[in-house]
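What follows is the residue order along each chain.
There are 2 protein chains.
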Amino acid sequence: MFLKKYFEAFDIGELRTTMGRTITETDIVLHAGQSGDFFPHHMDEEWCKTQPFKKRIAHGTLIFTVAVGLTAHVINEVSMTYGYERLRFTRPVFIGDTISVKVTISNKADHKKPQYGLVTELVEVFNQYQELVMVCEHLLLVEKQAQ
Amino acid sequence: MFLKKYFEAFDIGELRTTMGRTITETDIVLHAGQSGDFFPHHMDEEWCKTQPFKKRIAHGTLIFTVAVGLTAHVINEVSMTYGYERLRFTRPVFIGDTISVKVTISNKADHKKPQYGLVTELVEVFNQYQELVMVCEHLLLVEKQAQ
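These protein sequence lines map, in sequence, to chains A and B. The opening residue of the first sequence carries number 1320 in the working numbering; numbering runs sequentially from there. The opening residue of the second sequence carries number 1320 in the working numbering; numbering runs sequentially from there.
Errors might be hidden in some of the hints.
[As the list claims (entries may be wrong)] Here are the computed lysine to aspartate or glutamate pairs in the EDC-like style, where the Cα-Cα straight-line distance is at most 20 angstroms:
no.: 1; chain 1: B; residue 1: Lys1373; chain 2: A; residue 2: Glu1396
no.: 2; chain 1: A; residue 1: Lys1373; chain 2: B; residue 2: Glu1396
no.: 3; chain 1: B; residue 1: Lys1368; chain 2: A; residue 2: Glu1396
no.: 4; chain 1: B; residue 1: Lys1374; chain 2: B; residue 2: Asp1429
no.: 5; chain 1: A; residue 1: Lys1432; chain 2: A; residue 2: Glu1443
Because the hints were derived from the structure by calculation, they are not lab data. What you are looking at is a predicted structure, and each value in this text was computed from that prediction instead of being measured.
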């Protein structure tokens, strides 16, 4: 779906939540192939048994990818990604865990180009136990409505 | 390869560069399937012709994934990822572009747990024209050598 949501239309505290996604062994295998990251943390069940976390864990880049994908449903034609801040992987995600994302508008600021503003989305990813597994801030460069 | 590189062994300015990876149409298609992000910026060649960038562009999460994967060759058993800061996608990456990564140790700092230190890697991703396409800071929590 395409829409035009200008800077002025974002309200701090505005909240949306996504559908869930179960992280499967297939996701990890595909992600290893796509990234080239075959570290034993993700690929070697026997080595993982010797580690504190005991089981294969999803790549951080996989969780980030799925989390951003879960939020990608509405195309705002007057907004673009400026970047991400404070990306943290706070707990491991295991095969069979189900994650979903909560997005909260947490800040609005001016930009050096006066026709744009910066909107910050707080992106929080939870597992099926409502434990936080990933968090970051997504910065959006959003057009201001012509006066 | 496994090794143990303690906090004290990291030097500011230390540099490594990776092999290159050509970003293919297959990468974009697989990444759309894995992420669920089928935005027209990545999937709709005809819509892209109406946009300033004219051609399908790689997902930011794909470039981040491949960049991190390119750096994932040596497993430091006394280090773990703490997070990422200031992730920016500075130019679009198109099908057929080849990216490689330059990693520079840019900072070392204490951590509240005295047996650990924080190492910052500046991660810069360049295309085949040596143009910067992505940049971020990778924070590592690294054990200090037992005194």
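Against the structure, test the hints numbered earlier, and report the numbers of the ones violated in rising order.
-> 4 and 5
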